[in-house]
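4 protein chains.
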Amino acid sequence: MSDYGRLFPRWRDAAGPEWTRYTRHAFVEGMRDGSLPRAAFLHYLVQDYIFLIHFSRAWALAVTKAETVEEMRLCAATVNALINEEIALHVKTCAEAGLSEEALEAADEAAENLAYTRYVLDAGHSGDMLDLLAALAPCVLGYGEIGARLGAEATSDAYRDWIDTYAGADYQGVCTDVGALIDTVAARTLGDDPQASPRWPALCRRFATATRLEVGFWDMGLRPA
Amino acid sequence: MSDYGRLFPRWRDAAGPEWTRYTRHAFVEGMRDGSLPRAAFLHYLVQDYIFLIHFSRAWALAVTKAETVEEMRLCAATVNALINEEIALHVKTCAEAGLSEEALEAADEAAENLAYTRYVLDAGHSGDMLDLLAALAPCVLGYGEIGARLGAEATSDAYRDWIDTYAGADYQGVCTDVGALIDTVAARTLGDDPQASPRWPALCRRFATATRLEVGFWDMGLRPA
Amino acid sequence: MSDYGRLFPRWRDAAGPEWTRYTRHAFVEGMRDGSLPRAAFLHYLVQDYIFLIHFSRAWALAVTKAETVEEMRLCAATVNALINEEIALHVKTCAEAGLSEEALEAADEAAENLAYTRYVLDAGHSGDMLDLLAALAPCVLGYGEIGARLGAEATSDAYRDWIDTYAGADYQGVCTDVGALIDTVAARTLGDDPQASPRWPALCRRFATATRLEVGFWDMGLRPA
Amino acid sequence: MSDYGRLFPRWRDAAGPEWTRYTRHAFVEGMRDGSLPRAAFLHYLVQDYIFLIHFSRAWALAVTKAETVEEMRLCAATVNALINEEIALHVKTCAEAGLSEEALEAADEAAENLAYTRYVLDAGHSGDMLDLLAALAPCVLGYGEIGARLGAEATSDAYRDWIDTYAGADYQGVCTDVGALIDTVAARTLGDDPQASPRWPALCRRFATATRLEVGFWDMGLRPA
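Chains as they are written, first to last, in numbering that gives the first Met the number 0: chain A, 0 to 224; chain B, 0 to 224; chain C, 0 to 224; chain D, 0 to 224.
You may find that some hints are simply not true.
Pairwise CB distance ranges (calculated) [unchecked claim]:
no.	chain 1	residue 1	chain 2	residue 2	range
1	A	Asp107	D	Gln194	34 to 40 Å
2	B	Leu221	C	Ala102	53 to 59 Å
3	A	Gln194	B	Ala96	48 to 54 Å
Among the chain C residues that face chain D by a calculated CB cut under 10 Å, a handful are [what the hints assert, rightly or not]:
no.	residue
4	Leu60
5	Leu73
6	Leu120
Take a look, some chain B residues computed to stay more than 10 Å from chain A by CB distance [as the list claims (entries may be wrong)]:
no.	residue
7	Asp12
8	Pro16
9	Arg23
10	Ala39
11	Glu66
12	Asn79
13	Glu104
14	Glu108
15	Arg117
16	Gly150
17	Glu152
18	Ala153
19	Pro197
20	Pro223
If you are wondering where the hints come from, they were derived from the structure by calculation, not from laboratory data. Glycine residues also receive a C-beta, built at the ideal position from the N, C-alpha and C atoms.
Just chain A, same shape as in the assembly (with noise of 0.2 Å):
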């Protein structure tokens, strides 16, 4: 289990059982063993899709509230990655699969999306850009977890390809770059002792709440469209 810097294994082990819930929920040990129905990845996928754009939206968000040059680069290379490179790959991903763009465009936004997304793009607004970094955090980094986790320990290759994705170099690169981020913003907002900040429970709580909105994304995937 990789840390990726030194905040996220603080926060993840804040979250405690949800944080498992959320790791090792069906819908990803669907995955490893290969016994996750077709139907429910599709699903998934197209709700994947609207949640890229919308998470895209926080991560720029993310560039108009940082403090250094250097932050905004990161954040900037970030929202670059997702809208040309991971919406791209989706839409590649669905087109493979018989879902036009015109059908993922078309698509409902699920209950569990709005929840998820809107949550850490509130984050953003009435907090700082730790608030957000800590909302943004179970999913780019919980990916990488499942994602190096199911690459060791998949027995199936009906999802290779979505496991390769987030167990390849370029993610893990990205997952090793935003733990840094956090723990820059994190030392510059809260000092040596982050645990001793009187925000800490607040930042755990904003970890957690997203933590339990991914369990949400990942049921959502499973109930039938």
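Let chain A serve as the given structure and place chains B, C and D on it in line with the hints.
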């Protein structure tokens, strides 16, 4: 069925059967005939307390997006009424039912609550004043419509206090004012024939999405906590 | 010199001579001894009317960024006081001086006005509640300090109405409340020793920048319109 | 004089003589004939470095307000170009002139800079995508127009690098893309006849205010630092 101005009935019509699912939901009918379990009502009250906090934030966002002092005045009065009256009333009603303010503050926010309130806030952040009003309208004016109908049709006194609040002259006056605000903002944004504007379908979608999220909120109320 | 709480005097000290340039500006001294030309005062009043509109928007933004109902309540009350009382007072004062509400609304916003108010709004959008309060503080509390001093030291009645407004118990009470709000938010954000926080220098810079923009606002007042 | 699409020339016409004051400012003419003092140019460069940071934030805000993936893509590419190319170019140009990156970061932001950039950001926060674009347009497209003219008319090589940047195919291509983006967003927001929209005067005022703030920016450049 009151119309609260010119634009609201058009948005309501465009929402189609979703509007009926919201305003004639089993939760609503249970308040009408007294069959709604008390536990469901209390569950709803706790979540509605959290809802009102974020709904007040959305009206405060409207103050920042208003274009005239008159619009600011009306939005600020609404924020004040929500925070200093409606939230206070909730605290009092909950206290009578044995729920302390501490219990309210300690409650976890349901995903349906997150989805709805953060969607409304994001409508304001991503769009203009009219986008925000289209997302705020189903709650404000729908409760007015439900209150007025139940005020006339209720066959039980079990939820009389709730019904009287929303059927009462004060709340109906708020609905008239908000309906007029929507018409004013629509006129200065879209002109005399709003349905001819290229923005019309997107505005109807915003109203319909918020209506769908209201249905989810009642569903949540009926679910055991 | 009143302190309005614990944090404000530290920010004021950190702002150094800029604070004196603001609170003992020639414009202020001209109100004290009555030497300020009436035309300059009217020019200031017109711009201050526009200022109050955007300053109200910034306090409304604070409602959206508050973390407790109590904080929301205080910010909402401030929005209400600004929009429904202070702006109304301005309209009345201007009317007595022969400036109609239409003239106020038609006035071009001076660059110094844009710089100040939009800087405050951006402090809120880019940072958290405390960043926003650090940018709001110089205006609210500086006017309290100026009003209190001129209430005691004025040697002319020429600007007695203005002085009485800010020296009066109502406005001084607002300053006490806002000072207490700053202390509360600082405590929950930075802990017991705010000056030990890594955010301290940036917060002092925000306060100092807003102070510098207040100096620019008085300069603008003295310039022929 | 290039038109960069259909809407820009109408906004430019509506801005009237203010547009000429901006694009034929003494600072611009001094770059054309080489008479601009080097110290003024360096003063401008330092402030323009800070300007670009906040201008990038405004384009990132546009990503969060876009309505289609295509619009997001173009805005994200602009953010990337600004942060990873234009800011880097500034750092290099300043270094050649003996200004270190530390000196750039330590510089105080001029009030004219604050006024302009925060006004643009607030246009985005208070309005919709089109409001934001109306405030962004004078800088992006005005520099394109100035660059193209000086590329043809310059009588000195003193500011050749600057002129080549904005006269060059890369930057002119950005202008064409941004002009097309404005036309697309205007069409989906206002319809076929934007000048018939009740929003037209307010959009023209936004463009004119941003143009006025550009004039202030050149004025600031000519003032001793």
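Open item on the list: Would the non-interface assignment of Glu152(B) survive a Cβ cutoff of 10 Å against chain A?
Closed with: At about 29 Å from chain A, Glu152(B) clears the 10 Å cut-off, so the statement holds.
Task: chain A versus Asp12(B) - minimum CB to CB distance exceeding 10 Å, so not interface - done: Since the minimum Cβ distance to chain A is about 20 Å, Asp12(B) lies beyond 10 Å and the statement holds.
Open item on the list: Next item in the hint list is Leu73(C). Is there a CB on chain D closer than 10 Å to its CB?
Closed with: 23 Å, violated
TODO: Starting from the range 48 to 54 Å, see whether the pair Gln194(A) and Ala96(B) falls in it by beta-carbon distance.
DONE: 38 Å, violated
Open item on the list: Please check whether the beta-carbon of Pro16(B) is more than 10 Å away from every beta-carbon in chain A.
Closed with: Label holds. Min Cβ-Cβ 15 Å, cutoff 10 Å.
Task: Distal placement of Gly150(B) relative to chain A, Cβ over 10 Å - done: 30 Å, holds
Open item on the list: According to the definition I'm using, a residue is off the interface if its beta carbon is farther than 10 Å from all beta carbons of the partner; does Arg23(B) meet that for chain A?
Closed with: Arg23(B) is indeed farther than 10 Å from all Cβ atoms of chain A, at 20 Å.
- [ ] Against chain A, does Ala153(B) hold up as non-interface, every C-beta pair farther apart than 10 Å?
- [x] Correct as stated: the minimum Cβ-Cβ distance to chain A is 30 Å, above 10 Å.
Task: Non-interface label on Arg117(B), tested against every C-beta of chain A at 10 Å - done: Contrary to the label, Arg117(B) does not stay out of reach of chain A, its closest Cβ about 3 Å off (not over 10 Å).
- [ ] Given the range 34 to 40 Å, decide if the beta-carbon distance of Asp107(A) to Gln194(D) lies inside it.
- [x] Holds: the Cβ-Cβ distance is about 36 Å, inside 34 to 40 Å.
Open item on the list: Just want to verify: Glu104(B) was marked as not at the interface with chain A; is every Cβ pair farther apart than 10 Å?
Closed with: Given that every Cβ of chain A is farther than 10 Å from that of Glu104(B), nearest at about 13 Å, it holds.
TODO: May I ask you to check that Pro223(B) keeps its beta-carbon over 10 Å from the closest beta-carbon of chain A?
DONE: 17 Å, holds
Comparing the model with each earlier hint shows violations of hints 3, 5, 14 and 15; every other hint is respected.
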